[in-house]
Amino acid sequence: MQKNLILRISLILVALSVIHCKQFYRNQETKIEFSLDTIDSRFVLNKSDKIRLVYFGFLSCPDACPTTFQIIAQSMKTLREEERSKVEILFIDIDSKRDTLPQIKKYVDHFYPGIIPLSGTQDELQKVAKQFNAFFMEVPIESEMKYTMDHSTRVYVIDRDNYLIDSIPHNIPIEVFTQYIRKNLN
Amino acid sequence: MKKILTMIVFIAPLFLYSQQKEDITIQDPLIRLVPASSPNTAGFMKISNSTSKEIRLIKAESDFSQTVELHNVVFENAKMMMRPVESIVIPANSTVELRPGSLHIMFIGIKNPLTLSDTKKVTLKFDNNKSIEIDIPVKEITNQMKK
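From first to last, the protein sequence lines are chains D and L. Residue 1 is where the first sequence starts when you use the working numbering, and the numbers rise one by one after that. Residue 187 is where the second sequence starts when you use the working numbering, and the numbers rise one by one after that.
The set of hints was computed from the structure by calculation and includes no laboratory data. Note that this is a predicted model, so its numbers are computed, not measured. A portion of the hints provided could be inaccurate.
[Said to hold, decoys possible] Dumping the calculated BS3-like pairs for lysine-lysine here, alpha-carbon to alpha-carbon at most 30 Å:
hint: 1; chain 1: L; residue 1: Lys232; chain 2: D; residue 2: Lys146
hint: 2; chain 1: L; residue 1: Lys245; chain 2: L; residue 2: Lys297
hint: 3; chain 1: D; residue 1: Lys127; chain 2: L; residue 2: Lys265
hint: 4; chain 1: L; residue 1: Lys307; chain 2: L; residue 2: Lys239
hint: 5; chain 1: L; residue 1: Lys325; chain 2: D; residue 2: Lys77
hint: 6; chain 1: D; residue 1: Lys127; chain 2: D; residue 2: Lys105
hint: 7; chain 1: L; residue 1: Lys325; chain 2: D; residue 2: Lys105
hint: 8; chain 1: D; residue 1: Lys106; chain 2: L; residue 2: Lys311
hint: 9; chain 1: D; residue 1: Lys106; chain 2: L; residue 2: Lys325
hint: 10; chain 1: D; residue 1: Lys146; chain 2: L; residue 2: Lys245
hint: 11; chain 1: D; residue 1: Lys146; chain 2: L; residue 2: Lys307
hint: 12; chain 1: L; residue 1: Lys232; chain 2: L; residue 2: Lys297
hint: 13; chain 1: D; residue 1: Lys50; chain 2: L; residue 2: Lys265
hint: 14; chain 1: L; residue 1: Lys239; chain 2: D; residue 2: Lys106
hint: 15; chain 1: D; residue 1: Lys47; chain 2: D; residue 2: Lys31
hint: 16; chain 1: D; residue 1: Lys105; chain 2: L; residue 2: Lys239
hint: 17; chain 1: D; residue 1: Lys146; chain 2: L; residue 2: Lys306
hint: 18; chain 1: L; residue 1: Lys265; chain 2: D; residue 2: Lys146
hint: 19; chain 1: L; residue 1: Lys311; chain 2: L; residue 2: Lys232
hint: 20; chain 1: L; residue 1: Lys311; chain 2: D; residue 2: Lys31
hint: 21; chain 1: L; residue 1: Lys239; chain 2: D; residue 2: Lys183
hint: 22; chain 1: D; residue 1: Lys130; chain 2: D; residue 2: Lys97
hint: 23; chain 1: L; residue 1: Lys265; chain 2: L; residue 2: Lys325
hint: 24; chain 1: L; residue 1: Lys297; chain 2: D; residue 2: Lys105
hint: 25; chain 1: D; residue 1: Lys47; chain 2: D; residue 2: Lys146
hint: 26; chain 1: D; residue 1: Lys47; chain 2: D; residue 2: Lys106
hint: 27; chain 1: L; residue 1: Lys239; chain 2: L; residue 2: Lys297
hint: 28; chain 1: D; residue 1: Lys105; chain 2: L; residue 2: Lys306
hint: 29; chain 1: D; residue 1: Lys146; chain 2: L; residue 2: Lys297
hint: 30; chain 1: D; residue 1: Lys127; chain 2: D; residue 2: Lys97
hint: 31; chain 1: D; residue 1: Lys97; chain 2: D; residue 2: Lys146
hint: 32; chain 1: D; residue 1: Lys130; chain 2: D; residue 2: Lys105
hint: 33; chain 1: L; residue 1: Lys232; chain 2: D; residue 2: Lys97
hint: 34; chain 1: L; residue 1: Lys311; chain 2: D; residue 2: Lys146
Using the sequences provided together with the hints, build the complete structure.
Right under this line is the structure:
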């Protein structure tokens with residue numbers, strides 16, 4: 001129990017020191033521009049009064065995707081209402097051969113209602129991923145699944161002016177994830 | 187003589203107990219609750235081998251999905267890669283943990299959406315010709331959960 005507490009405190013301290021460092025992404029000033037399909041319309045990334053959390057994944061994902069959405073959902077619930085209203089979550093589904101937009105919407109709604117489901121052609125999706133320096137690739141496997149998608153597991157943060165300002169590591173404690181959101185809200 | 191008899195009375199149950207001990211034991215099994223539109227899910231558990239020989243989990247079977255496979259997840263340079271594995275080795279006198287971000291049982295093609303109160307029958311087959319049938323509860327998993 002005590003060991004667990006020490007581990008958690010040290011993780012928070014590490015995260016705080018990371019958060020207070022000058023961010024690598026801020027210096028790069030990568031401006032993100034894309035439009036992708038969403039339910040019944042085209043989503044265009046416009047300037048917004050919200051910061052955007054962006055995650056790349058697929059519905060057959062056994063692990064990283066559900067874990068990330070659990071963390072996002074729980075973290076959003078711990079934010080205050082005025083903070084929460086300034087955060088938008090985009091899920092870019094990279095398995096356009098298998099996953100349809102209605103399925104993707106149903107999937108994200110399970111975790112947190114309001115997450116925007118996005119999809120596109122493989123070519124469009126690769127171009128978007130490149131802007132984030134994110135990676136995904138279809139890999140054939142000896143399985144009934146026929147293929148899997150290897151993919152980046154970070155959650156990317158876009159500011160209100162569409163600049164990529166941060167990326168959050170995979171599978172960190174919810175309180176640390178929340179710290180990342182709060183830091184980027186300011 | 188009396189002493190020897192007393193010793194037998196005390197030692198015999200211990201001996202019987204050790205003979206009854208199972209070669210393979212399963213602890214904390216669970217199946218991840220996934221959204222209805224997710225075609226697959228994963229199962230996790232701890233598998234203990236109390237024998238002095240390595241045992242391999244070679245197959246898992248269940249009726250609630252079209253196919254069941256053994257998979258591993260590797261994280262490298264902030265990327266996730268999932269690959270099938272032929273078997274999962276449980277070394278002699280050891281426990282192997284199937285857990286998120288690592289080895290797991292992959293249930294492919296879920297026939298009916300999962301709910302939290304579900305329990306699924308899964309049969310595990312080992313290379314020592316043993317089969318173990320277990321009821322696995324469907325649970326929500328977060329990174330804060332250890333089991």
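Each hint tested on the structure:
1. This hinted pair checks out: L/Lys232 and D/Lys146 have alpha carbons roughly 28 Å apart, not beyond 30 Å.
2. Proposed proximity of L/Lys245 and L/Lys297 is supported: the alpha carbons are some 20 Å apart, at most 30 Å.
3. For the hint pairing D/Lys127 with L/Lys265, the CA-to-CA distance comes to about 18 Å; that is within 30 Å, so the pair holds.
4. For the hint linking L/Lys307 to L/Lys239, the alpha-carbon distance of about 27 Å falls within 30 Å, and the restraint holds.
5. Distance restraint check for L/Lys325 and D/Lys77: the Cα-Cα separation of roughly 20 Å lies within the 30 Å cut-off, and the hinted pair is therefore satisfied.
6. For the given pair, D/Lys127 sits about 22 Å from D/Lys105 by alpha-carbon distance, which is consistent with the 30 Å threshold.
7. A C-alpha spacing of about 22 Å is found between L/Lys325 and D/Lys105, which places the hinted pair at or below 30 Å, so the restraint holds.
8. With a C-alpha separation of about 35 Å, the suggested pairing of D/Lys106 with L/Lys311 is violated against the 30 Å cut-off.
9. For the given pair, D/Lys106 sits about 19 Å from L/Lys325 by alpha-carbon distance, which is consistent with the 30 Å threshold.
10. Note on D/Lys146 and L/Lys245: the hinted pairing holds, with a Cα-Cα distance of about 19 Å set against a maximum of 30 Å.
11. Distance hint between D/Lys146 and L/Lys307 is fulfilled; the C-alpha atoms sit about 25 Å from each other, no more than 30 Å.
12. Taking the CA atoms of L/Lys232 and L/Lys297, the gap is near 26 Å; set against the 30 Å cutoff, the hint holds.
13. Restraint check for D/Lys50 and L/Lys265: the C-alpha separation of about 27 Å stays at or below 30 Å, so the hint holds.
14. Simply put, L/Lys239 and D/Lys106 have alpha-carbon atoms about 47 Å apart, too far for the 30 Å limit, and the pair is violated.
15. Between D/Lys47 and D/Lys31, the direct Cα distance comes to roughly 11 Å. Compliance with the 30 Å bound is thereby established for this hinted pair.
16. The suggested pairing of D/Lys105 with L/Lys239 is violated, with an alpha-carbon distance near 48 Å, which exceeds 30 Å.
17. Restraint check for D/Lys146 and L/Lys306: the C-alpha separation of about 25 Å stays at or below 30 Å, so the hint holds.
18. This hinted pair checks out: L/Lys265 and D/Lys146 have alpha carbons roughly 20 Å apart, not beyond 30 Å.
19. Distance restraint check for L/Lys311 and L/Lys232: the Cα-Cα separation of roughly 15 Å lies within the 30 Å cut-off, and the hinted pair is therefore satisfied.
20. Taken as a hint, the L/Lys311 and D/Lys31 pair is broken in the structure, with Cα atoms around 53 Å apart against an allowance of 30 Å.
21. Annotation: proposed proximity of L/Lys239 to D/Lys183 is violated, straight-line Cα distance about 53 Å (limit 30 Å).
22. In summary, the hint linking D/Lys130 to D/Lys97 is supported, as the alpha carbons are separated by about 20 Å, within the 30 Å threshold.
23. With a CA separation close to 25 Å, the supplied pair L/Lys265 and L/Lys325 stays within the 30 Å bound.
24. For the hint pairing L/Lys297 with D/Lys105, the CA-to-CA distance comes to about 20 Å; that is within 30 Å, so the pair holds.
25. Pair hint D/Lys47 plus D/Lys146 does not hold up; C-alpha atoms about 40 Å apart against a cutoff of 30 Å.
26. Straight-line distance between C-alpha atoms of D/Lys47 and D/Lys106 comes to about 27 Å, which keeps the hinted pair within the 30 Å bound.
27. Taking the CA atoms of L/Lys239 and L/Lys297, the gap is near 37 Å; set against the 30 Å cutoff, the hint is violated.
28. Only pairs whose Cα atoms come within 30 Å are accepted, and D/Lys105 paired with L/Lys306 is accepted, the gap being roughly 26 Å.
29. For a cut-off of 30 Å, the pair hint linking D/Lys146 to L/Lys297 stands: about 18 Å separates their Cα positions.
30. Distance check on the hinted pair: D/Lys127 and D/Lys97 sit about 17 Å apart at the alpha-carbon level, within 30 Å; holds.
31. Straight-line distance between C-alpha atoms of D/Lys97 and D/Lys146 comes to about 12 Å, which keeps the hinted pair within the 30 Å bound.
32. A distance of roughly 24 Å separates the Cα atoms of D/Lys130 and D/Lys105; the hinted pair therefore holds under the 30 Å criterion.
33. A distance of roughly 35 Å separates the Cα atoms of L/Lys232 and D/Lys97; the hinted pair therefore is violated under the 30 Å criterion.
34. Restraint check for L/Lys311 and D/Lys146: satisfied, since their Cα atoms lie roughly 24 Å apart, inside the 30 Å limit.
Checked against the numbered hints above, the structure violates hints 8, 14, 16, 20, 21, 25, 27 and 33; every other hint is satisfied.
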